[in-house]
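Hey, can you work out the whole structure from these sequences and the hints?
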Amino acid sequence: MPKTSWRKPVLLAMPAMLLALAACSSGGSSDSNSASPSASPSAAESASASASASASPAKDPWGPLPEKTTVNIFKVEPDGGPDFLALPEGETITNNRYIKAIDEKFNLDVKFPIDVKGGAAGEEKGNLMIASNDITDVMIVGYNQYLQMIDNGMLADLTQSYNDYASPQMKEVLQTDGGKALELATVDGKLYGIPTMGTVHNSDPLIWLRKDWLDKLGLQPPKTVDDLVAILKAFKDQDPDGDGKADTIGLPGVDKFAKTSADGAPAFYGYDAIFSAFKAYTGTWVKGSDGTVQYGSIQPQTKDALAKLNEMYQAGVIPKDFAIMKNEQASEKVASNTAGAFFGPWWAGWDPLTSAIKNDPKADWRAYSLLDTDGKSRSLQETPIGSIAVVKKGFKYPEAMIKMVNYGYQVQLDDPAVAGGDPYQGLTMPNWQTLPVPLALWRADSVILDHTGVVAASKGEELPKVGAATLQNYKTQGGYWSKGLDWLRQNPDSYGEPLSRVYGVDPIVENDTEPVYSEYYGVTHTMEQKMTNLDKLEIDSFIKIITGEKPLDYFDEFVSQWKKLGGDQITKEVNEALEK
Amino acid sequence: MVKSFRTTDRVFDVIIVAVLTLLSLSTLLPLVHIVAESFSDKAAVAGGLVTFYPRHFTLVAYRAVMSDHAFFRAFLVSVERVLLGGGLQFAFTILTAYALSRPTSEFRSRNAYMWILVFTMIFSGGMIPFYLTIRDLHLLDTMAALVLPTAVPVFNVVVLMNFFKSLPKELDEAALIDGAGPWYRMVSLYVPLSLPSIATVTLFSVVGHWNAFFDGMLLMNSPDKYPLQTYLNQIIVQASQPQSHLTPDQIKQLSQLSDRTVNSAKILVSLVPILIVYPFLQRYFVTGMTLGSVKE
Amino acid sequence: MRNKLAIHYHVMLIPAIVILGLFSIYPLFGLMIAFEDFKPGRGIWHSPFVGWENFQYVFMLPDIKQIFYNTVSIAIMKIVFTQLFAIVFALLLNEVKNLLFKKTVQTIVYLPHFISWVLLGGIIINVLSLDGIVNEALQAIGIPPIFFLGSNHWFPGVMVGTHVWQEFGFSAIVYLAALTGINPSLYEAAAIDGAGRFKRLLHISLPGITATIILLLTLDLQNVLNAGFEQILNLYNPMVYQSGDIIDTYVYRAGLREFQYELGTAVGLLKSAVSFVLIAISYFLASKFANYRIF
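Chains as they are written, first to last, in the numbering used here: chain V, 1 to 580; chain R, 1 to 296; chain X, 1 to 295.
Treat the hints with care, as some may be off.
[What the hints assert, rightly or not] Simulated DEER-style distance windows between Cβ atoms:
(1) X:Val11 <-> R:Val272: 38 to 44 Å
(2) X:Leu285 <-> R:Thr58: 56 to 62 Å
(3) X:His153 <-> R:Ala112: 45 to 51 Å
(4) V:Thr373 <-> X:Phe59: 42 to 48 Å
[What the hints assert, rightly or not] In silico SDA-like links for lysine to any residue, alpha-carbon gap of 25 Å or less:
(5) V:Lys536 <-> X:Thr180
(6) X:Lys103 <-> X:Thr180
(7) X:Lys103 <-> R:Tyr284
[Said to hold, decoys possible] Which bits of chain R does chain X cover? Going by a derived footprint, with three or more residues having C-beta under 8 Å, they are:
(8) 57 to 70
(9) 108 to 115
Hints were generated in silico from the structure; no laboratory data involved. The beta-carbon is built from N, C-alpha and C at its ideal position, and this holds for glycine as well.
Rendered as structure tokens:
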């Protein structure tokens, strides 16, 4: 059913109950395509191990479809070679035991008529399929694509199917982010897909520092931005590597140095931690003092942060060409130990620090959090919704997709028993991305959970209750960690993971970092047309202020420009959308 | 040949050689850098320590390329594409160029055809309609989708047509008197006399097909059918993908992937066919590139 | 007799007409998107028609003037400097007597023309970054490092420079061809009159290719809206959008990455229309003043 040109916005403020309510209200009226007879939703919850498929109220998350059904799936193969998939000889990403098991279990003949290699290509091909209204029965899409497809009436309403057929385990894991992803996926009270969640704290920007340089220069770890600036000046000027040459720098930088509306927060080398330290959240919808929602980039706190960044730029602790650096170039600075400090997420241990430690085994890398003007650690979170599995409108059995995701979730949970037997018994389990519908359903709280697990394993304490493979990994990494830093630095190929999981998460746990979310993740009509240019204006103005090409008060001019060129209209639309 | 022994001329010679050598070096050095990277140790490259000669010489990158089946499959797809696509372009360029090289006195509709060709060179419906067209012709996912749409390269047609036009009219008239038909004249008179130009446009065809990457991504429905540049684009572009929203698995995977030495080696291996074919045909350029004819 | 011949020519053109008809002309129906509020769900034929609204919006876009200016200024600078370098290079190379040296130089300088911008882009970013080879060389002679790819002041120049670097050799081919056409007896006569090599270059070679120079500049008129899509796509970044965003990069972003099909198509159509006029102009100029037919 095609709608008007307005894209219906998504509400964050939606009460958690809404999903259930929507399910009730839409149960009778819509879903004319769904073959499933209407029955009481509660029957689904208890279904799991029902043996006979023929006794069919047919609400069994694990039961077969009533007839043999072909399902066409758009496949986006992950970047990376075949080794990464860990499939046994003779099996491929499009022909393996998972796919056979799906057939046996659910009566589903999986076909991949369109198969693309690589995420970037996958996105463009997906856009093309949407633009030509030629989508497959089941697809995994991004959030923008998802909204676009709903707007064009291409997707089946899954509200009822989700309530009836999603396994209790899947429903539980989709609550580990507080239900945020499901809320965002619900448009006008209807759920059109199964979302993946943003992992909480996954991209919190930490300041990674060489502890051995701090010690050598007699410095304390930083708490505030000013502490950090002092450290960076010392790292740049006081020859921390002791080679008698002025060859070290302050911070590396990268072109995407701040979050914009289009891009997520920069995981590596960005300066969003500086912004957060002033309680400025760029590219984000924040609650203003008057209760309305305002754009973070134009708030006075942003001006304060820019003033500080300009000061850092003048002091030479930010590279002159930060705004054209690519990630790879910034990584070089760390890998070559030219930089002894950088902003990065908890998982920086893998890369670039594994390269850095290979080039200088004396390095002692640690992560710290910066506190903001309230003395608290707060971090802007990645978008709480990732990719979304959807079903084409008119496909006879929309629950087929949900059943495949049920199965996939069990595989990822290392608990194939629930799904009725592990097809890879006796073999190494292949990568989850070889599943027919590879939706990454990790627990959203896995950063902290895994940290706890590895630390516990290293001390021989009791481990959290998780699946077998995860448990094994806790033991392995905990084992490495218990051998001590010196051993890890001598064995750089084992260094990255334990360092990330322990030192990388420590500051988040110690400072009890508070996750910050945007008030709004949708796209309004005017946003669709003008946001690109506004983002451009924003980044342009920020760069000019940081580099001193324009004085700090240019910020006020930027704000009035931003408002005039569509910003005011967008703000109005966002508030209207949130009021509904 | 007049030889001059004057010193100003000698100075002039030295300057010329110096300038030309500098220009050549400016072209060559960046490539040397890539060669050096491909033979260097991964960590040295990541640390930015490699300039024009390899650091910690190693063949690891080339061994990785040699054992990469996807790379070789893509290489073969490209070879097939070049042979088929180049062949089609060869035949159609000659046919089209010959017909259009005829004077309007002999072929009145010639100008109308010519403007149609020029029109198609400038106007395009855009990517989505093109995709829909290929789909409706049931060519998606076939080699034909890569070679048919470009089978009449208008620029090459113009170059060859102008060469045909520049051949002396007398030949043509002599043949006409002998009673030779237009097909016979084209094949046995014009083509043999135009070898430099045909070699030049053929090189353009080969290189064009070898370097094309976008249509592979657009029109192929499985990675087995990607041509080499599509494959290369995928491995090079992915390195600069935004790094948020990664699962721990993807993180591990990315750290294994960011291997510039292997990428450098792949770039070089993919340049090899051009480096082989190109110098061989390059000597025809000066006589073969005729962008138009001045009527005297 | 003539009609009979013409039939053969029509037959020869069948492949071209079929191929271009199917793959170039038929897809032009997609240009309708420029006049629609395009809804993929309804398809190109059934989306609501909005007339010139998209074009009006294009002209209201704050950046559109800048984008047109960038496109035209970068393209014109590329044309002028590429031809200048090509002419000087051709004149110098023409003076070289050592065949081996001549061939080697030619082989090397034509090469970049055949390497795709995906690969060249990576190489250039590497060489021109602040700690790249070029800046290290500049520092060695006492010039402070220059922020080539990140300053709106330098970026257009770098686009022109790298384009010249890639193309000057190849563009020189036409001039080399023209130089071989100069009657050798002119040089001999001049040498007997006591003219040195440089003088001969100035007074015989250069005038000998003046017609070609004027001609090529006329032909390049059609390129003033082509500022180099692949090159800029591979080298630009948010810092230099102001000076580096061109029509083609805008169309690409709008059309395939941001779901703004209508704007992308409208801008693309505008560009095609202007290009077509320019080609017609250069065709008639060349034909009228140089008695020359491009096609």
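Against the structure, the hints:
Roughly 40 Å separates the CB atoms of valine 11 of chain X and valine 272 of chain R, a value that falls within the hinted 38 to 44 Å. Look at leucine 285 of chain X against threonine 58 of chain R: about 58 Å separates their beta carbons, and that is inside 56 to 62 Å. The hinted window of 45 to 51 Å between histidine 153 of chain X and alanine 112 of chain R holds, with their beta carbons roughly 49 Å apart. In this structure the supplied range 42 to 48 Å holds for threonine 373 of chain V paired with phenylalanine 59 of chain X, their Cβ-Cβ distance being about 45 Å.
With a C-alpha separation of about 51 Å, the suggested pair lysine 536 of chain V and threonine 180 of chain X falls outside the 25 Å cut-off, and the hint is violated. For the proposed pair lysine 103 of chain X and threonine 180 of chain X, the alpha carbon gap of about 15 Å is at most 25 Å, so the pair holds. Taking the CA atoms of lysine 103 of chain X and tyrosine 284 of chain R, the gap is about 12 Å. The hint holds against a cut of 25 Å. Here's how the region 57 to 70 of chain R fares: 0 of its residues keep a CB closer than 8 Å to some CB of chain X, so the rule of at least three is not met and the hint is violated.
With a threshold of 8 Å between beta carbons, the proposed coverage of the region 108 to 115 of chain R by chain X holds, since 5 of its residues qualify and at least three are required.
Checked against the numbered hints listed earlier, the structure breaks hints 5, 8; every other hint is satisfied.
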